[in-house]
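Based on the sequences and whatever the hints tell you, model everything.
Protein chains in written order, with my numbering: chain A, 7 to 294; chain B, 7 to 294; chain C, 7 to 294; chain D, 7 to 294; chain E, 7 to 294; chain F, 7 to 294.
Hints in this document: simulated from the structure, not taken from any laboratory. Be a bit skeptical, because a hint or two may be false.
Identical copies go unnamed one by one, so any copy, or any two together, can satisfy a pair.
Straight-line Cα separation of at most 25 Å, PhoX-like style, residue types lysine-lysine; simulated pairs [what the hints assert, rightly or not]:
| id | residue 1 | residue 2 |
| --- | --- | --- |
| 1 | Lys172 | Lys42 |
| 2 | Lys187 | Lys123 |
| 3 | Lys42 | Lys187 |
| 4 | Lys132 | Lys187 |
| 5 | Lys187 | Lys140 |
| 6 | Lys172 | Lys140 |
| 7 | Lys172 | Lys187 |
| 8 | Lys123 | Lys172 |
As the structure is a computational prediction, the values presented were derived from the model and not from experiment.
Protein chains: 6
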Amino acid sequence: MELSELQIEPIVAFALEEDLGHSDVTTEALISSDVKAQGYLMARSEGVLAGIEVAEVVFRQVDPSLSFERHILDGIRVHEGDVIATVAGSAGSIPKAERTALNFLQHLSGVATETAKYVEAVSGTKARILHTRKTTPGLRLLERYAVITGGGHMHRHNLGSGVLIKDNHLVASQAGEVGLKEVIQQTRRNAPIHLKIEVEVETVEQAQDALDGGVDIILLDNMGLDDMHRVVELAQDQALTEASGGITLDNVRAVAETGVDFISVGALTHSVTAMDISLDMRWEVRFF
Amino acid sequence: MELSELQIEPIVAFALEEDLGHSDVTTEALISSDVKAQGYLMARSEGVLAGIEVAEVVFRQVDPSLSFERHILDGIRVHEGDVIATVAGSAGSIPKAERTALNFLQHLSGVATETAKYVEAVSGTKARILHTRKTTPGLRLLERYAVITGGGHMHRHNLGSGVLIKDNHLVASQAGEVGLKEVIQQTRRNAPIHLKIEVEVETVEQAQDALDGGVDIILLDNMGLDDMHRVVELAQDQALTEASGGITLDNVRAVAETGVDFISVGALTHSVTAMDISLDMRWEVRFF
Amino acid sequence: MELSELQIEPIVAFALEEDLGHSDVTTEALISSDVKAQGYLMARSEGVLAGIEVAEVVFRQVDPSLSFERHILDGIRVHEGDVIATVAGSAGSIPKAERTALNFLQHLSGVATETAKYVEAVSGTKARILHTRKTTPGLRLLERYAVITGGGHMHRHNLGSGVLIKDNHLVASQAGEVGLKEVIQQTRRNAPIHLKIEVEVETVEQAQDALDGGVDIILLDNMGLDDMHRVVELAQDQALTEASGGITLDNVRAVAETGVDFISVGALTHSVTAMDISLDMRWEVRFF
Amino acid sequence: MELSELQIEPIVAFALEEDLGHSDVTTEALISSDVKAQGYLMARSEGVLAGIEVAEVVFRQVDPSLSFERHILDGIRVHEGDVIATVAGSAGSIPKAERTALNFLQHLSGVATETAKYVEAVSGTKARILHTRKTTPGLRLLERYAVITGGGHMHRHNLGSGVLIKDNHLVASQAGEVGLKEVIQQTRRNAPIHLKIEVEVETVEQAQDALDGGVDIILLDNMGLDDMHRVVELAQDQALTEASGGITLDNVRAVAETGVDFISVGALTHSVTAMDISLDMRWEVRFF
Amino acid sequence: MELSELQIEPIVAFALEEDLGHSDVTTEALISSDVKAQGYLMARSEGVLAGIEVAEVVFRQVDPSLSFERHILDGIRVHEGDVIATVAGSAGSIPKAERTALNFLQHLSGVATETAKYVEAVSGTKARILHTRKTTPGLRLLERYAVITGGGHMHRHNLGSGVLIKDNHLVASQAGEVGLKEVIQQTRRNAPIHLKIEVEVETVEQAQDALDGGVDIILLDNMGLDDMHRVVELAQDQALTEASGGITLDNVRAVAETGVDFISVGALTHSVTAMDISLDMRWEVRFF
Amino acid sequence: MELSELQIEPIVAFALEEDLGHSDVTTEALISSDVKAQGYLMARSEGVLAGIEVAEVVFRQVDPSLSFERHILDGIRVHEGDVIATVAGSAGSIPKAERTALNFLQHLSGVATETAKYVEAVSGTKARILHTRKTTPGLRLLERYAVITGGGHMHRHNLGSGVLIKDNHLVASQAGEVGLKEVIQQTRRNAPIHLKIEVEVETVEQAQDALDGGVDIILLDNMGLDDMHRVVELAQDQALTEASGGITLDNVRAVAETGVDFISVGALTHSVTAMDISLDMRWEVRFF
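Written out as structure tokens, the structure is:
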């Protein structure tokens, strides 16, 4: 997945407006515009880098004359002390961009790092780790990118790019009166032609009903490992399976070994631990 | 701190645009517009509620005809099973708003809940828990509100509403050539008149220099407990003190007992664990 | 498919800004604000109505105090002389909204009317008429809605909500070196899990290759009727088929009778003939 | 008439956002970023080109590193097979921009081509072909530009840049009680000083009333050829005349020969047939 | 001229965003939300009121539950001590809106008041006082409204709604080589049909050239009173005349008496003296 | 204080949209695109220049290919006839940008010029001249910059970046019941930690109460010179003092001599006299 500047620019602009306010009163009070400096983005803990392009856009929006050199690319595992990038130019511009650039980079690298742990935990199985729609409001696109960067895979981006029939849909469509098979067929008739149909089930029986209705993907919601395994066998060659609900690093391997195709993990994006990254400036040269 | 709709509306609109895409293909394929339903926002774990007004704006933007009743207000501690709010109306509108409303509510309640732990940990001391600028890009205002809701206190909102001279400023302003006292005085001359001046220091000696310069607040960055205590005594009646860096629930009480006025905790907003909240729908009535 | 006000409001606001300029100099020079009037939206030719809700939003944005009553709903076939809706209130507000409301309503009803002709032409076959991405820039969402209103069906909304491998993708991915089967498998590995995979082919041989690769939908681009029929037979139970390219009202029935599942028609949206609709005002009452 | 980038940029950005969605899933699944390609914009039918600058902005917004070379300029008549422009660069960027660029270019060239037919039909008379406000919502500026490019002329851009007293204004202003002459004089007093005053009339008598009121331009709405001719003679040296309503390629010459100054044609913009233009890619070079 | 909410709302929103920042820290620290209060907008000097609707929108945007009662309408002359409007509701909402509401109201009433002085100064002559394009950036629409409210009249709103050939155009079009007559005729051919043509001249000779070219309005730039009078006589029945440049309250009557149709005064909007208006709050009732 | 392009760009874009409308009909009718010209921004009166960077952004947004050379920088006193800047390039682009560039430059230079008069009037005293929040809606940032450019100093930017307890706050918070001291202490507890607390007082007694409450800055509202002097003495070493209300060039020196630290002058921004600056074009070279 690639990020385009068309998409990044407005998100960065909003974040900068939020952080700059009317002006950076500290920097403007102290730093004369004829001072040049360098800043080093440095990893303070181990993790998978994500968002270096976003950080660059932050510096560029604050001051297009800053130079920014990436030393490490997204997707690479960094270690404490690694210099990720160097930014150089007007000394006053760097502190204005610093916090916003770090906020993006630390958050996205946090997402990628956690994703990588799940991916590694299921390595050797066929299961792929998916993001969910439980993302931070405003950051869906970037967090999804970070999941991919960490080795995860793409679930639907939003309500328009995938069909997923959940509990609440069944309640609201009064499926009790018509049965899951009819619900799936009605959906097939009405949904855009490119979209597969996924149904959330909680029991093996529901899974069988969904298969009878011609479902494409079955979402196994908070199901026990044995039941998961039974559904995987039932679905064989007919539908894909996705496990979801209560997945942690402790149980993800066991879930993967049931043979499910996908495991979706909300915590990848709803409970992010920022990776520790700092920016250190060094005085460079004064023009007389 | 109060949130105004003027501020919430555009943030919610952006998040909904992100999640709705062109249309909710599942709901539109399945749910007829003459079905009415109710949804219950229910706590699935213990925590401090924050963002109920934001959630309401989400539902209202999706469908102004939905009714929304708050049962619990922001700042209240909820327990598993508590019904936080009820939303009622067109069955198809509720799933369209559900995920976005929950994403806000779970994230902000997560911030408030974590803040409350820190506030409780220092209770009985004079220390107040502060947010930092290490917030999620785009959510500064809401996360700050959540910190206050959890019992925390307001640091500067952005670079324009507070003066904080940090390491990098000293490098860039070449303070080495002039001394901290001159730096503080230069800042006093140039900064807006309403802003106190805070300086980040790492040693007791720097703290004394800052006091000699007439600093208003001293930020003690990653300082040991003994040194903190010494600075608190030096600053007595002259300046306020703020501890920062490496603060955890394990050490925050000890830090508070050094006598510092403020303790700022980046993790309140940069490493949020979402509170578990769900929305359960119930079929209500069909109009013939 | 339903339109939400969240989506309509900004499109209408942009169109009104475009048409109102700084102010309606004619109306303001002539019409005193204490005059009330009624306006009748009246069909001047036969067709299928689409966009009445958009028209209502136009009037409401110009003047929230106008009352607007719909007499005919979207999807209904109207005839010359039918009164579609009545708008009543301040006489000066109606001419300000008139042109913009009509421009939307005539365009969208034109799309729905043309779509209905194609749908009728294939009635009795299993073929469904699809829109394409050849829409008027800025009106994708509304035109797609108009196609559905006219009895058509949903193709992918945009590049993010469907996979369609076309000629140019094969060129750029250097498929020549690897074969269509590998291309499809690579796409399956990399694309979001909810999306079916469609491939554009020009010959029966390519269609067989695509089937061997496990394609979900085959797009038959400008193919002869006999070849179409052969591909339909090959694809039986393995993949869906879509005919595209050079479809007109004259040949659409013959195409449908080859047994294809879908027929996509670019002209539905790229070459629209506006339906004739007028607004006639009648003086109502003067307040003294 | 010139288009400025200031005006084009936001219109193109909105259209791209509409077509790209979150990302181009097909291209990203298939095309590696180290492949370079060329695309040829090629005419598939005869017509007058309009919008090549808009198309260029589309490609540039998607990827500023693409090179774009125009071979044919707006206003030139192209024939099937003519290469209009070449775009070269990263293979993945071209399909992302293709559809949106073509949608603009085909639509605007369609407008210019149709306009040129009307202009040619009246050649040798003094009549000039005008656009109306019956434009596609959101595309007023671009469609107006396309009309000019096709040889047409500028009517008022919006309600703020011209005075045109229509039927509905007369109803709402209760002209019945005061007479057309008074209406025109009231308008003259109240309207901005730079604006001529045009009145829509349906009979020769009304035209005479308007002339008596000092009208600048008379709009002859759906009037017979003989009556048109009589009004043209009456208006001689006093006012300009514009024919409107029911104008087609079949009757436009006869209308022009009545001696009217202007003929406005709604169909130029409300019922556009897209010109056929395609983009064909060719594989260029792979960097190792 | 009427202001529409469609136009006012975004201007007010931008101004409020500018003044509110993240939140009103004083009000939120002090005023409890269960206190109700009233505020009185009161004139502190004599002048013509303009902008009361804008002020109302400010209060409504800050808090839709505030009640706002207008006691005096735009265009009325107020005197010191007059209560212009009353606002009542939540005590905390009033100070948040106060400054922004007053900034609009004082500025626009300042424009209207100054305009009224010029209008009065020329009363009895046929000259009408016009605004220019020398307006405060961002406030063109509102300032123009204020000029009309003060009794002035509408010049062109912007570069698209009027033709005015100035010095710099003549330089750039190399009129020296072709003569003013040809310049006017070229403009007539190319400009939108509803726009009159105005030419700026500095001498009687130029004015005669312009008349020979068929100009509609002659702008007399910084011309002496005698020359103005001569041009007025030359233009009799052929063109309108507008005086401009160096107009003050001291000389405007003499200029008017030369017989010119219009006098445009840049100072009406480029050098505004705010009218003095205050808001005084009174404590009303506390809810227990 | 520095302006960043991030902040200037949207303000200029809005102003240009306001002035350009759909297109510059005069320039486009007359000036062929192969003509090159130069324009000279020239001072027509004496004053302090402010806003040259804003003017440059205007020209650049209209036509990025224009070259713009600054001859005089912001803050410099210019005299009649001084050439401030030269702009060169396409002849048609210059008149499109001219008025908007001048409107900014004349307004901001007017603010800077007036500020400089006040600053000079108090020279030799310790008093510093401050702006207020009585700015032109939409131009707060630029006008504040102009005040600094003229030698003034920064008051709070908006309601979020400073605490100022005014009359109306005391009414609304029912300070009568609790006393000023408690009000200040309550504010201290609730306000962000970086903000000093200022209180508006009208009498010496109130000033003493504020000092007892630990106020940081006392605002002396419309106080007599003797009382001001008494408060200055009381506040010695405890609080800063700011005089406000009814300050003019005639009395500002006397006010400064009472020893106050700051004098805030609303008229600097609410009643601006534009500085006279013109743009004169010269024909340069025609390309054949």
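Tested hints:
Taking the shortest Cα distances, Lys172 and Lys42 sit within 25 Å of each other only across copies (17 Å), while inside one copy they are farther apart (57 Å). When the C-alpha separation of Lys187 and Lys123 is checked against a cutoff of 25 Å, the pair qualifies neither within a copy, at 38 Å, nor between copies, at 32 Å. When the C-alpha separation of Lys42 and Lys187 is checked against a cutoff of 25 Å, the pair qualifies only between copies, where the shortest distance is 23 Å, while the shortest distance within a copy is 68 Å. Within a single copy, Lys132 and Lys187 get their C-alpha atoms only as close as 28 Å, which misses the 25 Å cut-off; across copies the closest is 21 Å, which meets it.
For the identical chains of this complex, Lys187 and Lys140 are neighbours neither inside a copy (28 Å) nor across copies (35 Å), given an alpha-carbon limit of 25 Å. In this homomeric assembly, Lys172 and Lys140 come within 25 Å of each other (Cα to Cα) only inside a single copy, at 15 Å, whereas the closest approach across copies is 33 Å. For the homomeric pair Lys172 and Lys187, the shortest alpha-carbon distance inside one copy (14 Å) is at most 25 Å, but the shortest distance between copies (34 Å) is not. Neither within a single protomer nor between protomers do Lys123 and Lys172 lie at most 25 Å apart by alpha-carbon distance, with minima of 28 Å and 35 Å respectively.
The earlier numbered hints that this structure contradicts are 2, 5, 8.
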